[in-house]
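Protein chains in written order, with UniProt numbering: chain G, 1 to 371; chain C, 1 to 234.
No lab work stands behind these hints, which were simulated from the structure alone.
It is possible that part of the hints are untrue.
Sample of chain C residues facing chain G (criterion: CB under 8 Å; computed from the structure) [unchecked claim]:
hint, residue
1, D77
2, S82
3, R113
4, S114
5, Q115
6, M117
7, S166
8, P170
9, P173
Idealized CB from N, CA, C, for every residue including glycine.
Take a look at the letters that make up each chain.
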Amino acid sequence: MNSSLPRTILSTISPYSLAFKRQKLPISTRVSGPVSFPSISSIPSSQKPRIPLFLRPPIFTTSLSDLQKWQQWANNLALSVGSKFVDSDNGPDTNILCREVKWLLEDAVEDKSILCQLVSPENGKLVKLRADLDELYCLWKQRIEERRPFQYIVGCEHWRDLVLSVQEGVLIPRPETELIVDLVSGLVLEEEGLREGIWADLGTGSGAIAIGLARILGDGGRVIATDLSPIAVSIAAFNVKRYDLQDKVEIRQGSWFEPLEDVKGELAGVVSNPPYIPSSQIVGLQAEVGRYEPRLALDGGENGMDDLLHLCEAAALMLKPGGFFAFETNGEKQSKFLLDFMTQKLATNVHNLEAISDFCGIKRFVTGFRR
Amino acid sequence: MIMAQSISKWMRNPMVAVGTCSGFFVSLTARPRTLGLQIQVQTQIKAFSLKGGSSSSGGRDFLALSDEELSRQCEMDTFKASGPGGQHRNKRESAVRIKHLPTGIIAQAVEDRSQHMNRASALARLRTQLALKVRNAVDLNGYQPPLELLQILPAKSTMRGSDCGSQIGPNNPKFVLGMQALLDLMFAVNGSVSDAAKFLGLSTGALSRLILSDDSLRMAVNELRTSKGMRPLV
Ligand SMILES: C[S@@+](CC[C@H](N)C(=O)[O-])C[C@H]1O[C@@H](n2cnc3c(N)ncnc32)[C@H](O)[C@@H]1O
Numbered sequence: 001m002n003s004s005l006p007r008t009i010l011s012t013i014s015p016y017s018l019a020f021k022r023q024k025l026p027i028s029t030r031v032s033g034p035v036s037f038p039s040i041s042s043i044p045s046s047q048k049p050r051i052p053l054f055l056r057p058p059i060f061t062t063s064l065s066d067l068q069k070w071q072q073w074a075n076n077l078a079l080s081v082g083s084k085f086v087d088s089d090n091g092p093d094t095n096i097l098c099r100e101v102k103w104l105l106e107d108a109v110e111d112k113s114i115l116c117q118l119v120s121p122e123n124g125k126l127v128k129l130r131a132d133l134d135e136l137y138c139l140w141k142q143r144i145e146e147r148r149p150f151q152y153i154v155g156c157e158h159w160r161d162l163v164l165s166v167q168e169g170v171l172i173p174r175p176e177t178e179l180i181v182d183l184v185s186g187l188v189l190e191e192e193g194l195r196e197g198i199w200a201d202l203g204t205g206s207g208a209i210a211i212g213l214a215r216i217l218g219d220g221g222r223v224i225a226t227d228l229s230p231i232a233v234s235i236a237a238f239n240v241k242r243y244d245l246q247d248k249v250e251i252r253q254g255s256w257f258e259p260l261e262d263v264k265g266e267l268a269g270v271v272s273n274p275p276y277i278p279s280s281q282i283v284g285l286q287a288e289v290g291r292y293e294p295r296l297a298l299d300g301g302e303n304g305m306d307d308l309l310h311l312c313e314a315a316a317l318m319l320k321p322g323g324f325f326a327f328e329t330n331g332e333k334q335s336k337f338l339l340d341f342m343t344q345k346l347a348t349n350v351h352n353l354e355a356i357s358d359f360c361g362i363k364r365f366v367t368g369f370r371r
Numbered sequence: 001m002i003m004a005q006s007i008s009k010w011m012r013n014p015m016v017a018v019g020t021c022s023g024f025f026v027s028l029t030a031r032p033r034t035l036g037l038q039i040q041v042q043t044q045i046k047a048f049s050l051k052g053g054s055s056s057s058g059g060r061d062f063l064a065l066s067d068e069e070l071s072r073q074c075e076m077d078t079f080k081a082s083g084p085g086g087q088h089r090n091k092r093e094s095a096v097r098i099k100h101l102p103t104g105i106i107a108q109a110v111e112d113r114s115q116h117m118n119r120a121s122a123l124a125r126l127r128t129q130l131a132l133k134v135r136n137a138v139d140l141n142g143y144q145p146p147l148e149l150l151q152i153l154p155a156k157s158t159m160r161g162s163d164c165g166s167q168i169g170p171n172n173p174k175f176v177l178g179m180q181a182l183l184d185l186m187f188a189v190n191g192s193v194s195d196a197a198k199f200l201g202l203s204t205g206a207l208s209r210l211i212l213s214d215d216s217l218r219m220a221v222n223e224l225r226t227s228k229g230m231r232p233l234v
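Turn these sequences into a full structure, and let the hints guide you.
Have a look at this one:
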């Protein structure tokens with residue numbers, strides 16, 4: 001079955017060697033992710049969430065013409081990049097960066113409607129800002145010169161119809177992952193047992209999937225979100241609160257299913273986007289990802305599947321009969337491997353296994369049901 | 001059209017709760033993608049006009065669909081992915097392109113910050129394109145403008161009853177429906193603004209002004225007029 005996979009992957013599936021593998025690692029080495037990049041001194045060592053730019057009070061004032069000068073400067077910096085980042089590590093090009101300039105302005109001004117006046121600013125007209133103009137200069141420099149991710153600069157990411165707070169220490173939710181919520185939404189429309197049940201989002205990060213799910217479940221449905229990282233737990237809690245979902249989403253700190261012993265065999269659904277990048281590929285990642293995002297959120301071990309394999313095995317026991325699971329993977333190879341693995345080892349517990357493509361046509365998710 | 005309104009609401013305020021509405025619908029169970037009706041419409045569109053017969057309302061049917069139903073008729077892909085995507089990338093794949101399979105019309109959106117919102121924008125654009133490109137047959141004998149068309153007419157139209165409410169402008173998502181009905185009429189009268197104006201109880205000048213008030217409407221009318229050897233409206 002696995003002829004296309006390297007031997008080393010095969011060796012990882014010896015039963016129970018994979019369960020709880022990650023947790024045995026000293027946690028300190030795993031959490032130290034983004035700090036390796038020296039120029040960011042502002043990484044919060046505390047776990048207190050930073051307020052995203054668009055939620056800060058508009059207590060700064062500048063003239064419209066000074067803001068226009070900033071915009072020109074920022075666009076010029078973006079222009080100077082050309083295809084340099086694309087060529088070096090498939091990073092953003094000028095077009096994308098110019099779009100980010102616009103988004104940064106949208107988040108920074110109190111009143112977005114003023115932005116269309118930037119083309120020909122009226123003399124002496126003032127604008128209220130949520131950050132000092134000097135800070136905007138500094139932030140955009142970090143974006144271009146240090147490749148700090150745009151989402152960490154503004155402190156948020158737009159994901160589905162949500163705006164989620166993010167900061168260094170927490171993975172920026174990816175567009176691909178939006179589909180997990182769509183997959184579940186199709187199911188819960190049809191099945192009350194799933195709509196009104198308990199769902200688990202494991203490794204919740206910013207809380208993206210958990211919040212997305214909470215908004216499509218029925219009145220009786222709720223979500224338990226877990227993460228090992230204390231920063232993720234506090235950011236997820238912040239986001240859950242902002243969407244007023246404290247009654248529907250409960251956040252527990254701990255490793256994968258460990259904090260869920262009390263609901264063993266009762267879960268209506270389990271979803272996760274666990275770390276799945278093979279360790280050896282971490283160094284070559286796009287600068288925004290490799291230098292800044294937490295390694296704990298990305299590194300899936302030698303073959304990238306340490307956590308996925310554990311989740312597949314454990315989900316079969318944690319779900320109630322008829323319960324649904326969906327896991328994001330690195331693509332075709334991992335999806336196929338996991339389907340084969342489950343068909344061979346877990347067929348008595350799970351069925352209706354499927355690999356589902358993302359919108360780029362990459363087999364991105366494995367899904368199935370508990371028998 | 002409630003859905004279309006809610007889309008424009010999300011776009012203005014991402015915090016607005018949308019309840020169970022996911023905008024797009026992906027189902028695990030396979031669903032038939034093309035229904036008889038759609039195939040029929042497709043062949044008719046090739047002829048660029050739905051032939052006679054009051055039974056078929058083709059393009060109007062598409063616009064009457066909910067977002068979920070309409071998106072089920074679409075194929076969606078993000079712009080070509082380079083590399084493995086997912087966790088490997090700082091999100092850059094949020095641009096969306098949708099293809100409406102029954103008509104082959106393509107709509108896309110890149111400017112929104114999430115894929116979900118780009119999908120909503122692309123779908124709103126698809127609705128506009130459907131209104132502009134898919135024609136319904138109009139029987140001019142005893143023609144009565146449909147309500148959605150009356151709603152976009154200025155108050156001075158003599159066809160307009162008090163029940164039409166105030167005039168709906170191009171920024172209202174309902175405008176698309178009225179625009180489609182107006183274009184159906186314009187095609188039925190072969191592009192003559194004065195003939196259409198009579199059916200709508202308006203002066204020729206008032207109808208011209210309405211057509212010129214929206215860029216895409218103006219271009220569609222002018223394309224029609226040029227094809228009939230008439231002067232474009234300016
Ligand atoms: C790829 S990120 C996904 C975050 C979020 N669900 C999303 O999709 O944006 C993986 C997450 O798993 C968490 N994680 C890593 N190891 C874990 C473990 N042993 N138990 C629980 N969570 C873990 C990381 O902290 C990170 O938040």
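Those earlier numbered hints the structure runs against, lowest number first: 7, 8 and 9
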